[in-house]
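Novice: Sequence:
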Amino acid sequence: MSRAAEETNRRMLRARDAMDRAYAQPLDVPALARIAHVSPAHFARTFRATFGETPHRYLQRRRVERAMFLLRETDRSITDVCFEVGFGSPGTFSRTFRDVVGRSPREYRKQAVALNVPTCFTMAWMRPSA
Numbered sequence: 001m002s003r004a005a006e007e008t009n010r011r012m013l014r015a016r017d018a019m020d021r022a023y024a025q026p027l028d029v030p031a032l033a034r035i036a037h038v039s040p041a042h043f044a045r046t047f048r049a050t051f052g053e054t055p056h057r058y059l060q061r062r063r064v065e066r067a068m069f070l071l072r073e074t075d076r077s078i079t080d081v082c083f084e085v086g087f088g089s090p091g092t093f094s095r096t097f098r099d100v101v102g103r104s105p106r107e108y109r110k111q112a113v114a115l116n117v118p119t120c121f122t123m124a125w126m127r128p129s130a
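Heads up: the sequence shown at position 40 corresponds to 40 in the UniProt record's numbering, and the numbers run straight through without jumps.
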């Protein structure tokens, strides 16, 4: 791997790590591009080429993964979970959740059983595909 490719990967990982840390914050492509020290258009193209999905889709999936945990492990309302993970409206949250998971947040909560296994195993089993 060339030095330029390594540097590009580091920049994309830096932005992805920022998304993982601050998934509930309003993040947009220009802000993420500043973290990666590239232009917004270059960031969007390179992120997709590096990780196989757009920055927006990655952030949505990350938020849904966190919502899945909260729905499984807490008794918070679906609306509270929606806002806690960074969605701006319950409608957008429900639609995105269904797109990623394949069922509504309410259906997911009914079917999800908090098993007495380590969280890392539960997360791996329940992780939505990209």
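Hints listed in this document are in silico derivations from the structure and should not be mistaken for laboratory results. Mixed in with the good hints, there may be bad ones.
Pairwise CB distance ranges, derived in the manner of DEER restraints [said to hold, decoys possible]:
(1) D80 with D17: 32 to 42 Å
(2) A112 with H56: 22 to 32 Å
(3) T79 with H56: 40 to 50 Å
(4) Q111 with S2: 45 to 55 Å
(5) R106 with A41: 19 to 29 Å
(6) S104 with A49: 30 to 40 Å
Even glycine gets a Cβ: it sits at the ideal position worked out from N, Cα and C.
Novice: All the hints need checking, so say for each whether the structure fits it.
Specialist: Checked hints:
1. D80 with D17: 32 to 42 Å: violated, 27 Å
2. A112 with H56: 22 to 32 Å: Once the Cβ atoms are compared, 26 Å apart, the range 22 to 32 Å for H56 and A112 holds.
3. T79 with H56: 40 to 50 Å: Since the Cβ atoms of T79 and H56 sit about 22 Å apart, the hinted range of 40 to 50 Å is violated.
4. Q111 with S2: 45 to 55 Å: holds, 47 Å
5. R106 with A41: 19 to 29 Å: With Cβ atoms ~39 Å apart, the hint is violated.
6. S104 with A49: 30 to 40 Å: holds, 33 Å
Of the numbered hints given earlier, the model fails hints 1, 3, 5; all others are met.
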